[in-house]
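*Asks:* With the hints as extra help, turn the sequences into a complete structure.
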Amino acid sequence: MTIMQIIFLITASVTLFAALMVVSTRKMMHAAMWLILVLFGVTITFALLETRFFAIVQLVIYIGAIAILIIFAVMLTRRSMNADVPQVNRNWWLVMVSSLALFVGLVTVMSVWEGFFVTARTAPPGGENLVQLGTALVDPNGFVLPFEVASLVLLAAMVGAIYVAAERKEK
Amino acid sequence: MGIPVSYYLVLSAIMFVIGILGVLLRRNALVTFMSLEMMFNAANLIFVTFAAYYRVLTGQIFVFFVMTVAAAEVAVGLALMVAIFRTKHSIDLDQMSSLKG
Amino acid sequence: MLSDWLYVGIFLVIATFLPFVAITLAGILGPKKPNRLKSTIYECGIETVGETWVQFRAQYYIFALVFVVFDVETVLLYPWAVAYNQLGLFAVAEAVLFVLILFAALVYAWRKGALRWF
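Chains as they are written, first to last, in numbering that gives the first Met the number 0: chain P, 0 to 170; chain V, 0 to 100; chain X, 0 to 117.
Among the clues, some could well be false.
Okay, the calculated beta carbon distance ranges per label pair [claimed, not checked]:
id : chain 1 : residue 1 : chain 2 : residue 2 : range
1  : X       : V106      : P       : M0        : 21 to 27 Å
2  : X       : S2        : V       : F64       : 19 to 25 Å
3  : P       : I9        : X       : A21       : 23 to 29 Å
4  : P       : R89       : X       : R56       : 32 to 38 Å
5  : P       : S110      : V       : D91       : 37 to 43 Å
6  : X       : C43       : V       : F64       : 49 to 55 Å
7  : X       : Y59       : P       : M0        : 35 to 41 Å
8  : X       : I13       : P       : I9        : 16 to 22 Å
9  : P       : V108      : X       : V106      : 44 to 50 Å
A partial selection of chain V residues facing chain X, derived with a Cβ cut-off under 8 Å [claimed, not checked]:
id : residue
10 : F63
11 : T67
12 : A74
13 : G76
14 : A78
15 : L79
Derived by calculation from the structure, the hints in this document are not laboratory data.
Glycine included, C-beta positions come from ideal geometry on N, C-alpha and C.
*Replies:* Shown next, in the form of structure tokens:
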């Protein structure tokens with residue numbers, strides 16, 4: 000047990016506990032707060048992998064933007080479901096069995112891979128090579144098409160969301 | 000010395016399965032959304048782990064686009080949720096069986 | 000390498016504990032002479048009517064939405080900006096196209112009145 004492993008295990012257990020709370024809590028605002036804790040745990044895991052840029056990106060996009068949007072939606076749909084009606088589907092045992100099977104399958108497939116127990120290699124000290132990343136993003140032989148399409152996806156999302164969410168004029 | 004790859008992979012797998020549990024079990028649409036975000040994060044974690052392990056760029060760039068699509072998906076999905084709530088005053092997934100307005 | 004994160008961790012711990020320390024100290028040191036007027040929620044001003052959690056307007060949600068889109072745009076442009084000195088004119092044209100597409104989104108939001116506060 001090195002100090003890194005201890006930090007990782009603490010982070011992982013807090014993250015997983017928060018994830019369980021997101022799924023099980025009855026109050027939506029609390030679920031949103033636990034979700035922020037999950038996202039922060041993933042941020043710390045990124046930092047342990049020395050991928051500094053993605054740790055910051057996770058913080059900025061997920062916690063800074065997406066979590067805020069979810070909290071806004073929670074506040075907009077207040078009292079939407081009473082806390083005392085059943086929160087769970089009727090076929091819960093089927094869900095349990097199938098997700099357990101999925102978990103076992105996932106871990107089995109992963110453990111077949113020969114590097115499963117090897118020590119994880121982190122990104123080089125000082126974080127990822129941002130210059131390389133930026134060059135690849137606009138390289139015509141690289142990822143320029145996904146880069147531009149990402150912009151189009153954002154355009155479509157914004158137009159669609161504003162159209163759907165905008166309050167209609169009273170007729 | 001460091002942390003084995005298996006730790007990251009198992010953490011990601013457990014997070015993914017908890018997300019699936021949330022999506023399948025809960026009837027509340029917003030909690031379903033949060034579970035979806037958790038599943039996106041679990042996938043991102045594996046991408047970043049392998050990108051750091053193999054020192055390749057493709058994994059990192061894929062994480063970028065996953066985050067972009069997740070943001071777009073959340074924006075549109077939550078806007079739909081707000082619009083549905085405005086007309087039906089409920090976000091119970093079991094009551095959304097009819098697509099009539 | 001690790002010591003950089005150590006500083007971040009120390010700052011996190013301090014930032015978490017400072018409010019606790021401040022509130023606890025204030026609770027221990029401050030004199031306690033409660034009366035009916037002091038223990039009302041607003042010492043001056045009127046009590047709120049109805050529930051605290053009211054439904055607010057969907058307009059505010061749209062602001063958050065516009066923010067999310069441009070937040071992601073910033074993050075996508077950041078590596079490009081870091082690599083700017085190594086890139087040619089073509090890369091600049093690509094980034095300009097990227098920004099122009101999102102400018103169209105901004106124009107749409109503007110025309111729809113999504114940026115209006117009231």
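*Asks:* Would you mind marking each hint as holding or not holding in the structure?
*Replies:* Status of the hints after comparison with the structure:
Distance hint check for V106/X and M0/P: the Cβ-Cβ separation is about 57 Å, which falls outside the suggested range of 21 to 27 Å. Checked against the hint of 19 to 25 Å, the pair S2/X and F64/V fails, with Cβ atoms roughly 33 Å apart. Evaluation of the 23 to 29 Å hint for I9/P and A21/X yields a pass: the beta carbon distance comes to about 26 Å. For the pair R89/P and R56/X, the beta carbons lie near 36 Å from each other, so the given range of 32 to 38 Å is met.
Checked against the hint of 37 to 43 Å, the C-beta distance between S110/P and D91/V comes to roughly 40 Å, which is consistent with it. Distance hint for C43/X and F64/V: a CB-CB separation of about 54 Å, consistent with the stated range 49 to 55 Å. At roughly 48 Å, the beta carbons of Y59/X and M0/P sit outside the given window of 35 to 41 Å. Distance hint check for I13/X and I9/P: the Cβ-Cβ separation is about 18 Å, which falls inside the suggested range of 16 to 22 Å.
As the Cβ distance of V108/P to V106/X is approximately 47 Å, the hint placing it in 44 to 50 Å holds. Look at F63/V: its Cβ gets to within about 7 Å of chain X, closer than 8 Å, so that hint holds up. Taking 8 Å as the C-beta contact cut-off toward chain X, the hint placing T67/V at the interface holds, the least distance being around 5 Å. Taking 8 Å as the C-beta cut-off, the interface hint given for A74/V holds, the closest approach to chain X being about 5 Å.
Given hint, G76/V at the interface with chain X, is violated; its Cβ is 11 Å from that chain's nearest Cβ, farther than 8 Å. For A78/V, the suggested interface contact is upheld, since its CB lies about 7 Å from the closest CB of chain X, less than 8 Å. The criterion of a C-beta within 8 Å of any C-beta in chain X is not met by L79/V, whose closest approach is roughly 12 Å, and the hint is violated.
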